[in-house]
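Once you've looked at the hints, dock chain V against the given chain A.
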Amino acid sequence: MGRLRLLLRPVVPFAVAAPMLWGLQVLAPQDVAIILVAIGVNVILAVSLNVVNGFTGQFSIGHAAFMAVGAYTAALITTGFREVQIAHLPVGISDAVIFALALVAAMAVASVAGLLVGIPSLRLRGDYLAIVTLGFGEIIRVVIENTRALGQATGISGLPAATNVLWTGMGVVATVVMARRLLVSTQGRALLAIREDEVAAEAMGIDTVGWKVRAFVISAAFAGLAGGLLVHRIMLVTPRMFTFVKSMEVVVMVVLGGMGSITGSIIAATVLTVALEWLRGLDQYRMVIYSILLIALMLTRPTGLFGTKEIWDTLPRWLGGRRAAGGAR
Amino acid sequence: MTEFLQHVVNGLSLGTIYALIALGYTMVYGVLKLINFAHGDVYMVGAFAGYYIATALDVERSPSLPKAVAVFVGAMAVCGALGWAIERFAYRPLRNRPRLTSLITAIGVSFLLEFGFQLPSLRAQGEAFRGVLEGWGLRLPAPVAGVLAVLPDNFPPGPTPRFFPEPFERVDWTVLGGVHVSNYDVVSLAVAVVFMVALQLIVYRTKFGTAMRAVSYDSRVAGLMGIPVSRIISGTFVLGSVLAAVAALLVAGSRPRIDPIMGLMPGLKAFVAAVFGGIGSVPGAMVGGLVLGFSEEMVAGYTVSSFRDGIAFAMLILVLLLRPEGLFGRVSAEKV
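Residue numbers (the working numbering), protein chains in the order written: chain A, 1 to 329; chain V, 1 to 336.
If you are wondering where the hints come from, they were derived from the structure by calculation, not from laboratory data. One should not assume that every hint holds.
Computed Cβ-Cβ distance ranges for the label pairs, DEER-style [stated by the list, open to error]:
{"hint": "1", "chain 1": "A", "residue 1": "Leu276", "chain 2": "V", "residue 2": "Gly137", "range": "34 to 40 Å"}
{"hint": "2", "chain 1": "A", "residue 1": "Asp207", "chain 2": "V", "residue 2": "Pro120", "range": "49 to 55 Å"}
{"hint": "3", "chain 1": "V", "residue 1": "Gly146", "chain 2": "A", "residue 2": "Val274", "range": "52 to 58 Å"}
{"hint": "4", "chain 1": "V", "residue 1": "Phe155", "chain 2": "A", "residue 2": "Leu276", "range": "24 to 30 Å"}
{"hint": "5", "chain 1": "V", "residue 1": "Gly177", "chain 2": "A", "residue 2": "Gly80", "range": "52 to 58 Å"}
{"hint": "6", "chain 1": "V", "residue 1": "Phe155", "chain 2": "A", "residue 2": "Trp278", "range": "49 to 55 Å"}
Glycine included, C-beta positions come from ideal geometry on N, C-alpha and C.
Chain A with its partners taken away, still in its complex shape (with noise of 0.2 Å):
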């Protein structure tokens, strides 16, 4: 028993949500299923910033470069192989084949673009992090701009229409499956050691700089995926989607949700991406209110919404509230 279930515990997520996924994208309609995406790409950015931002205890705000990488690497996949079929396969699956080799890709170069900024920057103390990630999330875009087979400043146009609510809703199944997986495993611990404590960390014998540069890692791979996803919906990829203002969007939606809390950030992803859409009128002010939330949130309540707790975690008992022996607090 004890096996079988260990083995079955990350694939029945997947199992149980594939045919419900399926079920609403036949189901629903052009435009909430534009916003199901939205909402989708945004839960797995936050989710996976949420690796390090919230379980690691580090501070990056350079995610959307990530992205950025994730998304010009399965753009060009996509593009790349636009005529080609794969032999013996229907022209839909082998498409779809294509598809998740180029997302595959994706995460990829994302993970060792992470490697490259992380190595440096995670040998010191977060505060580095912070400013070389905003730094490379810069010199990307510059190098974008630059660059003739990336289109510069235009992008690549043209992608196939490829993602939906479907390919969507298993990418944030395998960040959450992940994520969880993780943050309860001894991997996890080691971080959450790191976050609470990193010299006590350690001292306990845990290789510090190795587990966050792991962690930045795991994150960067995430962000690529959500890049390689939101560009196939849109099926446009800029330089101009992947500033700053993009990271600084996933970082808000990890502090209001609670650094360390997967539920915070899937529920606060949901909210903003909303939100926003909602509030488009309101566009030249979303970054001058997403600042000041972040100031207040920090002199009133530092730790988010749910904090390092997940929601069940907050809610009554007999709501279905637990209070997990062995969760992360």
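What follows is chain V alone, placed relative to chain A:
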């Protein structure tokens, strides 16, 4: 050779600017152990404060030396006040909380300044609001109306760049057979050197400077010795912000295009300069700024000019890998 000398001149003027901004980072880091993310934006505010004062004094049509001095002093005062306010209201309440909290607040302040300055004119909006209120038979509260009346017409400036009026006529000299030096370069270098020497005197020759170094060495013990730590930290912020205003005005003299996100890149680069010199070290920031200015100018001059913005970043990564405490920094073991 001429070309090389020209790059030296340009590198020197760029480097002094970076050094002036880096000093603000390094001093604040020294006393608070906090990277003041908003410092680059204080620099931006300095440029705009100068711009508004210059517009109010009509510098564009009738430039004169007293007006130039007024612009300088005014912008320095505005930035000093801003630095004081940021410390007082955003950082001080969080001083005993985890460092991450202050860092996030600093990022929030930085973005608030950057994007707050991109909003449409407050006065126009205030007038529109007054119209709405009067439609309902109400009046704008007196303090709000008072603030609106004092604000410059086009504040905040919005995202479009503005152009800084020339405080005095530009004169170009050609020296040493082809090296171009303008009177702006000379004035800017002189002003920067004067301020750096003044800072050096303040830090090493005054009571305040001694107190500042004591707080930077160990703020808890400094407090026990009767040093008013909070006041010293406030003073440090004011000092750093004043230097940022000086840097902004010197830049605006030769490169008059100013916009709300102009502080982002110089801020990042000056931070790199501070890290290179050893964050927390005053001479380190000066040397780091000059080295960064020179290397940027040389790389842009002899290789591809679009690499310019990458230099600082490459330098940061190299420093972090090879000598994370910087040139003049002291290695400090983390104690529990």
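Verification of the hints:
1. A:Leu276 <-> V:Gly137: 34 to 40 Å: At roughly 35 Å between Cβ atoms, V:Gly137 and A:Leu276 fall inside 34 to 40 Å, so the hint holds.
2. A:Asp207 <-> V:Pro120: 49 to 55 Å: Cβ of A:Asp207 to Cβ of V:Pro120: about 51 Å, so the range 49 to 55 Å holds.
3. V:Gly146 <-> A:Val274: 52 to 58 Å: violated, 39 Å
4. V:Phe155 <-> A:Leu276: 24 to 30 Å: holds, 27 Å
5. V:Gly177 <-> A:Gly80: 52 to 58 Å: holds, 54 Å
6. V:Phe155 <-> A:Trp278: 49 to 55 Å: violated, 29 Å
Hint check: violations occur at hints 3, 6; the rest are consistent with the structure.
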